[in-house]
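Q: From first to last, the protein sequence lines stand for chains H and W.
In case it helps, my numbering puts the first sequence at residues 1 to 1013.
In case it helps, my numbering puts the second sequence at residues 1 to 311.
Don't take each hint at face value.
Pairwise CB distance ranges, derived in the manner of DEER restraints [unchecked claim]:
#: 1; chain 1: W; residue 1: Arg-269; chain 2: H; residue 2: Asp-638; range: 44 to 50 Å
#: 2; chain 1: W; residue 1: Tyr-226; chain 2: H; residue 2: Glu-949; range: 37 to 43 Å
#: 3; chain 1: H; residue 1: Leu-290; chain 2: W; residue 2: Arg-269; range: 36 to 42 Å
Taking beta-carbon pairs under 8 Å as the criterion, some of the chain H residues facing chain W (in silico) [what the hints assert, rightly or not]:
#: 4; residue: Pro-68
#: 5; residue: Asp-72
#: 6; residue: Ala-74
#: 7; residue: Leu-75
#: 8; residue: Gln-77
#: 9; residue: Trp-78
#: 10; residue: Ala-79
Calculated directly from the structure, the hints in this document are not laboratory data.
Treat the numbers as computed from the prediction; the structure is a model and nothing was measured.
Here a beta-carbon is modelled for each residue, glycine too, at the ideal position from N, C-alpha and C.
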Amino acid sequence: MSNTASHTIQLIPRPGQHDGEGARVAEAARRHLHLHTGAVQTSAVYTVRYPLTAAQLQSFAAQCLQDPLLNDAALDQWAVAPEFKSYILVAKGPGVTDDEGTSAQNALQDFLGLDLDIRTQHIFSKRLYLLEKELPETDLRHLAEELLGNKLINRFVVGHTAQGIRDFTPQPGGGADSTTHTIRLEHLTDEELVQLSKENVYALNLEEMQAIRDHFYAPATQISRAEAGLTPDPTDCELEILAQTWSEHCKHKEFAAVIRYRNAVTGEEKEVDGLFKTYIKGATSEVDRLLRANGNDWLIKVFSDNAGAVRINKDSLFVWKVETHNSPSAIDPYGGAITGILGNNRDPLATGIGGARLLFNTNVLCFGPPNWSGPLLTGQLHPRRVFEGVRKGIEDGGNKSGVPTVNGAIVFDERYRGKPLVYCGTGAVLPMQLDGKDAWEKIIDAGDRIIMAGGRVGKDGIHGATFSSIELDEAAPATAVQIGSPITQKLAMDFLLLATRRGLIKCSTDNGAGGLSSSVGELAGISGGATVELEKVPLKYPGLRPWEIFLSESQERFTLVVEPSKLAELNALAAEMEVELSDIGQFTDNGRLDVTFDGQPVASLALEFLHEGVPRKVLDAEWQLPTLHEPKLPASLDATDLLIKLLGALNICSREAVIRQYDHEVKGRTVVKPLMGRTGQAPQDAAVVQFNFESWEGVAVSNGILPRYGDIDPYQMSAGAFDEAVRQIISVGGKLPNLTPGDGIFWSVNDNFCVPDSVYDPVTNPDGKQKLAALVQLCEALRDMCVAYHIPLTSGKDSMKNDFKADGQKISVPPTVLYSMTALMPDVRRAVTSDFKAAGDVVYLLGDTYDELGGSELYHLFGELGQNVPRVRPEQAKELYQKVSEAHEQNLILSCHDLSDGGLAVAVAESLFGDDNLGAELTLAGALPAPTELFSESHSRFVATVAPEDVVAFEALMNGRATRLGIVTDNGRLVIRHQDKTVVDAATADLREAWSNGPVNRVMAGEELTLQA
Amino acid sequence: MSNQAENLATQMADSTAAEQPNNEQRVHALVLTGFGINCEEELAAAYRLAGGAATIVHFNEVLGGQTSIHDYDVLNFPGGFSFGDDLGSGVVMANKVRFRKLPSGRTLLEEIGAFIQAGGYVVGICNGFQMLVKMGLLPDFAGQQEREVTLTHNASGRYEDRWVRLAVNPNNRSPFLKGLTSLEVPVRHGEGRLVIRDEQVRSRILAEGLNCLTYCDTTGCETAVYPLNPNGAELNCAGLSDTTGHVFGLMPHPEAFLSLYNHPDWARRKRLDPTLSEEGDGLKLFRNIVEHIRQTRAAQPTEATANQVSL
């Protein structure tokens, strides 16, 4: 279509209508950039490249785009009131997802009653900001890049209105480019191989490049290449496929590596035969043995599919997956997070046959402090901006998909300011059988068709897998960024739901990192081969080369395996539901992955080499004792003051302003929400979600993450995070698994490791051995905890290069692990919430407090780390958890809150946040100093309340593991005594105020914080 | 209803619809889904829990003519993010209803007009309310399906999920609200601020009691204070009906409060009153409409199938 047919529709606010966005932009510019814009007016702009008559354009604008109550439309000319002197036009770059443009196309099609091509972009949405002040172009560009978009995905045009407004509309690319290059590896020196890998973002090391070279030039390979009509040298497509498949992201080479481990403190030396095999798979095998020996056979599928599956009951499976999307979120926080959440949704959706029903999302985010006032490196975004962008991405990703975000956590630490961590989790329910077949199985036979479903393919996200496997630097490639489209995915999801139930799909997988090359490459392993015809893949725009088509990570796509006899019915259903399907090839059993373009071979790889050919790494780890000490705190501490400070600390304060922007109750099944009580503000432990409306069965969901403890002791950090997640589930009324034969209480856990580069290099990573040793210890603790509690890991992920390098500096995340737990709740009505319920109820501390302030929030207030990190005592903990569950079963516990950041005092305060009228009168009888009793973060503890009439039964049951602290009062004051002294005395309302008015809610309200970072 | 639609309905609701008795006498709700609608399951469950029947169908089943709205008693536009709220909430879907021709040669909006004429009920919740408003069905004084009010971005500029209390207008015309004075429900929207075209429309809404639901404080008094009124709506209005009472739309989600356990304060309330009903406030609306249609049929047995006549 020629450009001459292009029209512009501009929608401007009607006089008298409030322009909220304009006001917010002006305010944010003033606060964050110190730019005074004067009034800002926003307009939506649509550039239409369909040939429309003037009358059609006018009525399309009036009937479909304009809201007659809110805005006026200007057609084919810019409406600029004279008071506006500057402008910023924000358009999307070529090929960037433009949902609004697509929806406008949809509207145009409905309006004209014509069958338009709505899958190619012909309407482009933009925004125009008019500013009252005449600002220099550098300021306008700064404002645009900081507040209005991201230069990696947007195009900004700025200027002064006196000179007229310049427009930008993405041009379709040139003609199709079927070029396939060959790349000579023979006779390259080692340096040249390494250089080649770097230049092409292969992210392969020398040994891997050598293995590829040796494979290609082996006589047998040369013979088969000649037979296939391929050149002796590998093609660009072949090397790209290998680089993707062998990437750390896909192959987990460091978790598979042989590790020579030495503990310099204990003198212990050992060789670890792969972290995954030894500790993760090893733990689950051991737990599965313990479960089955006791008649608990609910563990159905672990590690071998997109998500883990456990049995809920005879009819359904619970599917659970958590993974990270860190690198993209660092450079494009919004796009990175929305793509992360939608991508993670596709994992349970495409587990087994596919078509699971998504039940909930959860997310855990690690950011630099939003009030960071230190320097920023080239290409590094301010932590506040990362926070806001990621939050918005999660809002849109979850809310627009209709999946409730039921809980989560936000952790702040300066070391996340280079690369944030964005963990997305999704739980789903899959029927046990779909059309008479076991739903969790992936069966593929030669002759089955390869069907691509969902969005079209562009250059977006090319090299995502390899990109995320290297350190981030200032030269991050623009193509690595994608923006998810929740609406496209929702359509595909609805379609998948029906098609699987009608038996039209044999199995499915998602297209994530590595795109088709990964999804087809993996599925081909099941049938024993595949042939893909790339010219059949529909493109967003022309100009992609074959290898780019194969590797593109354009979002919202599934690869479906379909029997030829089912194809016609499947296509009919897809047409009805407006999902685009493309038949792009078939599965074979010849042991090869063959790729062609217009009949010409562009790749032919032996599956065995593709999947098994990567050389195993051997890495060194050595643990040295960190230098630590216990600080001496000032003798005269005011515990009330400390409590108020802690409640307002970044890692403790209320997240309400974030939580409220996530829909946490769509589907109508969320029974324990993130915030509850009369005030709707009392923070809860685990979330509880009902599976359906026919029974009261449900699932409890929790997260455990404690990065700071790792600075003292990685083993205890990992064990503590595991225990934290377990005790949150115990707190809401869950029960450990396998306590009684055949009780069917499933638990399903995902582990997600995010660590800095842990491969030793004397120059670039001199402390690599220490970091790798820390990773080994994290894994050792994980294994020990799984076995102690009989809790299995079912899926997970590791992200190994969480470093940001620029300007000769490196910002590395602390070694971080998240345990995301789910467990069966047989009756959600018996869930217990954290908030105190009524005056007169008796308050107990369950579990024991130790002198364990190391890594605590209290020490952090004083800028100290300490040494006495909380230790997990699994046997004692397990015994306590059994008693707590027994008490829950007898309905003896009215409120229960687990103790974590800030210890007992913070937990008690939070328990009061459900009702300002309530207070508590408590006495601590322990022998430890008051600050330790109040703020120690010892694990495996709860604060619980019990009705007065149940006290005798409760104490008898707990048998010494419950310490009576006092009672809930109705005077709205928290009073805590210790050794005959009142140590805390504060109004509940004041405590809640300190917590609610903390830095997170204030940042969300747009405040520029001046706190010390 | 075609077999295919029945099949599709069963599958779209998995376990829930499967057990539905095929009882002709049951009040039958048609629940639309697709294109980003996402509250269809709990809305269908609401009718079943209220003693009615519900069938979930994809929008295109209706636009393609495989399912006729005239086979049902209540037409439901559920909440969600149809077309991602692009072009304004509910707009693209409303355009489909206004402009796409069914095999009958009429638009779905024309079919809906006939459906209402024949005594059918139409309800839109959240995104569904936005669709009804943008179709011009609410309040529709002029009978021309022109936009007399609109729903747009919250005054806060944010999407929010929070629980609110609503006062029921005693002069309301919707059978959904019969006997109710007040209820608690969650709001979950970014575009719930009602804007009224002019003073004339405003005074007619008030005079005729069409502002059937109003944000109020804990004592039941109307309020404009944020967050009790979460979006800054004019008249503090949370829901509207048309003059016939057959079209009803609201921003909050009654289908998200079917059981006591949906409420954020259920645990404390249950502690204070262990005999508390396990039913949520929201379910009352669906019990009302099911009962109302049942009684209407009983009163006029010969017209029981009136709205099932193919038009």
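Q: Confirm or reject each hint.
A: Checked hints:
With their beta carbons about 37 Å apart, Arg-269 (chain W) and Asp-638 (chain H) fall outside the hinted range of 44 to 50 Å. Between Tyr-226 (chain W) and Glu-949 (chain H) the beta carbons are some 42 Å apart, a value that agrees with the proposed interval 37 to 43 Å. A hinted range of 36 to 42 Å for the beta carbons of Leu-290 (chain H) and Arg-269 (chain W) is consistent with their spacing of about 41 Å. Interface restraint check: Pro-68 (chain H) against chain W, minimum CB-CB distance 6 Å, threshold 8 Å, status holds.
Interface hint status for Asp-72 (chain H): violated, as the beta-carbon distance to the closest one in chain W is roughly 14 Å, over 8 Å. Because the beta carbon of Ala-74 (chain H) sits about 17 Å from the nearest beta carbon in chain W, more than 8 Å, this interface hint is broken. About 16 Å separates the beta-carbon of Leu-75 (chain H) from the nearest beta-carbon of chain W, more than 8 Å, and the hint is not met. Residue-level restraint check for Gln-77 (chain H) is violated (minimum Cβ-Cβ distance to chain W is 21 Å; threshold 8 Å).
A distance limit of 8 Å between C-beta atoms decides the matter here; for Trp-78 (chain H) the minimum to chain W is near 20 Å, and the interface restraint is violated. A distance limit of 8 Å between C-beta atoms decides the matter here; for Ala-79 (chain H) the minimum to chain W is near 19 Å, and the interface restraint is violated.
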